[in-house]
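J.: Here is how the chains run, residue by residue.
2 protein chains.
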Amino acid sequence: MGTLRNDDAPIGVFDSGVGGLTVFREIARALPHQSLIYLGDSARVPYGTKSPQTVTRYTLEAANHLMQRGIKMLVVACNTATAAALPTLEERLPIPVIGVVEPGARAAVSKTRGRIGVIATEGTVKSRAYTNAIRRIDANVEVIESAAPLFVPLAEEGWANTHVAREVAEIYLSPLMDAGIDTLVLGCTHYPILRGTIERVVGEKVAIVDSAETTAAAVKSEIGASHNGSGQHHFLVTDAEERFRRIAGEFLAQEIENLELVTI
Amino acid sequence: MGTLRNDDAPIGVFDSGVGGLTVFREIARALPHQSLIYLGDSARVPYGTKSPQTVTRYTLEAANHLMQRGIKMLVVACNTATAAALPTLEERLPIPVIGVVEPGARAAVSKTRGRIGVIATEGTVKSRAYTNAIRRIDANVEVIESAAPLFVPLAEEGWANTHVAREVAEIYLSPLMDAGIDTLVLGCTHYPILRGTIERVVGEKVAIVDSAETTAAAVKSEIGASHNGSGQHHFLVTDAEERFRRIAGEFLAQEIENLELVTI
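As given, the protein sequences belong to chains A and B, one line each in that order. For the first sequence, the working numbering assigns the number 401 to the initial residue and increments by one for each residue that follows. For the second sequence, the working numbering assigns the number 401 to the initial residue and increments by one for each residue that follows.
It should be emphasised that the hints constitute simulated quantities derived from the structure, not laboratory data. A portion of the hints provided could be inaccurate.
Since the list can't tell identical chains apart, any single copy or any two copies may satisfy a pair.
Said to hold, decoys possible - Calculated lysine to aspartate or glutamate pairs in the EDC-like style (CA-CA distance at most 16 Å, straight line):
| id | residue 1 | residue 2 |
| --- | --- | --- |
| 1 | K526 | E642 |
| 2 | K526 | E641 |
| 3 | K472 | D407 |
| 4 | K511 | E542 |
| 5 | K511 | E604 |
| 6 | K472 | E490 |
| 7 | K511 | D538 |
| 8 | K511 | D582 |
Construct the entire structure; sequences and hints are all you get.
T.: Have a look at this one:
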């Protein structure tokens, strides 16, 4: 990690689309005086089904664009991009870089009694990023990873709390429940949108780790408590800004202002 | 339209990902001796949520790549790309270009008693491509277009014949059924994968127009019956070839050979 730049500079939050807004929302809650700039690569979403090479290339392009905007820290608010590109970003950027996997893995280890389930995109599951991160912290913990790809379109279409979402959640989660997990990591930044539905399916005995919350806590601990920023929010997208405005408005439960279409 | 090149040259079939394979399958059935080359832009899928400008740019890049491979005809096996880019392609390419919208519109007009429903991606619905194409043929026909975005991931995840798909289909189709449609156009090349489920929901009184079938018929009528080709099939993708191999194998119900990763 590099050193922090000037205190007024914004924190950059990057995602392949809208999912990272759950991380953005938690950072904004935890650090209301920090200026934040969100970049959603909506022209090339989703990353979850793409190869690690392609995801790394896209992520570097996005990071370079945010560097030109003078960010002092980069939050990679996408599990797929974190799994594929975090070491490369840490090596190449002169500022601190925080991904979503490590904070989620730490929180899961601190909560579990021995058996952790992880739901994520196909790309994240294939990378085994969570299993590796969790095992580095505690080699005795058992980790079961499972892809839950339909959760992303369900969240984006505003179907998070429907009967269909409930049924899809039951299908995805029953193998993990049968395996006896005691902790469940929501390993895709879209999934907190379905948190209520997921909680109803797994019940109270399974602890939920929301990587949006844990990442925001990691950002706060790195930044420290600063009270002199202007707390401005900017949003950049690479395509389809009206769709972004609609979905982001629902995710953040607010009107989306300062939205800009960019080429990266 | 331009003129046909030599008879041995392949027909190019382009889609943003795997959906166009339903068109590919029907062309292969209708013209078993023609060589076909399929290009799926899996690095940038989906097109359905992208702006017309971006879709047109991507489609032109794909068409140029296929031209370098010596195709004699281009089939745009993607409703979103057809809706956004067909006039530009027809203007710029020296070979015949066939899209999926016009054949589907013709078939729908020939079947309807006056009220046509169209289900498609958000991009295709916004373009009103089907309404315009149908009205150009018969200005008295009523057209109701509706987006059914979850059908795409359901098809790709192999959930086409599940209870979840049935429930999603009921939610998407009930406004069209309530409006009294007598004909339903499957206006996205993914949707034929869910045809059985869709048919069970709409019942026998609604005629289904499968744009994969109608496009294959249009290609056959343009090409003529040729019996001297080698009938070879090639597949090109821009990313994640193993995912393509798996899903394409299911869509085509055959092993996928001659698969190549390309940059366009």
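J.: Decide, hint by hint, whether the structure agrees.
T.: Each hint tested on the structure:
1. Proximity of K526 to E642 under the C-alpha cut-off of 16 Å is restricted to the inter-copy arrangement: shortest distance 12 Å between copies versus 32 Å within a copy.
2. When the C-alpha separation of K526 and E641 is checked against a cutoff of 16 Å, the pair qualifies only between copies, where the shortest distance is 14 Å, while the shortest distance within a copy is 31 Å.
3. Within a single copy, K472 and D407 get their C-alpha atoms as close as 8 Å, which meets the 16 Å cut-off; across copies the closest is 60 Å, which misses it.
4. Within a single copy, K511 and E542 get their C-alpha atoms as close as 13 Å, which meets the 16 Å cut-off; across copies the closest is 58 Å, which misses it.
5. Taking the closest pair of Cα atoms, K511 and E604 come within 16 Å of each other only inside a single copy of the chain (13 Å); across copies the shortest separation is 54 Å, beyond that limit.
6. Taking the shortest Cα distances, K472 and E490 sit within 16 Å of each other inside one copy (13 Å), while across copies they are farther apart (48 Å).
7. In this assembly of identical chains, K511 and D538 lie within 16 Å of each other by CA distance solely inside one copy; the values are 12 Å within and 65 Å between copies.
8. Taking the shortest alpha-carbon separations for K511 and D582, only the intra-copy value of 9 Å comes in at or below 16 Å, while the best inter-copy value is 56 Å.
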